[in-house]
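Undergrad: Sequence:
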Amino acid sequence: MQDINLKITDRNGDIHEVVAPTDMSMNLMEVIRSYELAEEGTIGVCGGMAMCASCQVYVVEGSDKLTEMGAEEDAMLSEAFHVQDNSRLGCQIHITAEIDGLEVAIAPYP
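Residue 95 in full-length UniProt numbering is what sits at position 95 of the sequence shown, and the numbering runs on without skipping anything.
Derived by calculation from the structure, the hints in this document are not laboratory data. For clarity, every value in this text was computed on a predicted model and none was experimentally measured. Careful: at least some of the hints might be erroneous.
[Unchecked claim] Pairs of lysine to aspartate or glutamate, DMTMM-like flavour, derived with a Cα cap of 20 angstroms:
| id | residue 1 | residue 2 |
| --- | --- | --- |
| 1 | Lys-65 | Glu-30 |
| 2 | Lys-7 | Glu-36 |
| 3 | Lys-65 | Asp-14 |
| 4 | Lys-65 | Asp-85 |
| 5 | Lys-65 | Glu-17 |
| 6 | Lys-7 | Glu-79 |
| 7 | Lys-65 | Glu-40 |
| 8 | Lys-7 | Glu-17 |
| 9 | Lys-7 | Asp-64 |
| 10 | Lys-7 | Asp-74 |
| 11 | Lys-7 | Glu-30 |
| 12 | Lys-7 | Glu-72 |
| 13 | Lys-65 | Glu-98 |
| 14 | Lys-65 | Glu-36 |
| 15 | Lys-7 | Glu-103 |
| 16 | Lys-65 | Glu-39 |
| 17 | Lys-7 | Glu-39 |
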């Protein structure tokens, strides 16, 4: 088992340094929910199916560590609110050793 460190800025601007396990097949949206960094019912509304963009994050540091955006994620972000050039869906960022040190900010909820 290997844990990684992530830096997540919540919707209030507070920065949280969290530890996430790489051996549980989690994604970033699930980590945010498990640490309760977003109000209940405002993140992961679709259950992590890339269908709602409620888990949208802005990648502050470490975008080079992420896998390329898939077609479903790209299509969902093209319809979402508050999208920026560094937007990604948290449900599509899998917790792996490669993303250790990733820094993100949770996008506003529509």
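Undergrad: Does each hint hold? Answer for all of them.
TA: Against the structure, the hints:
| no. | hint | result |
| --- | --- | --- |
| 1 | Lys-65 to Glu-30 | 19 angstroms, holds |
| 2 | Lys-7 to Glu-36 | 14 angstroms, holds |
| 3 | Lys-65 to Asp-14 | 23 angstroms, violated |
| 4 | Lys-65 to Asp-85 | 16 angstroms, holds |
| 5 | Lys-65 to Glu-17 | 18 angstroms, holds |
| 6 | Lys-7 to Glu-79 | 27 angstroms, violated |
| 7 | Lys-65 to Glu-40 | 28 angstroms, violated |
| 8 | Lys-7 to Glu-17 | 5 angstroms, holds |
| 9 | Lys-7 to Asp-64 | 16 angstroms, holds |
| 10 | Lys-7 to Asp-74 | 24 angstroms, violated |
| 11 | Lys-7 to Glu-30 | 15 angstroms, holds |
| 12 | Lys-7 to Glu-72 | 26 angstroms, violated |
| 13 | Lys-65 to Glu-98 | 6 angstroms, holds |
| 14 | Lys-65 to Glu-36 | 24 angstroms, violated |
| 15 | Lys-7 to Glu-103 | 5 angstroms, holds |
| 16 | Lys-65 to Glu-39 | 27 angstroms, violated |
| 17 | Lys-7 to Glu-39 | 18 angstroms, holds |
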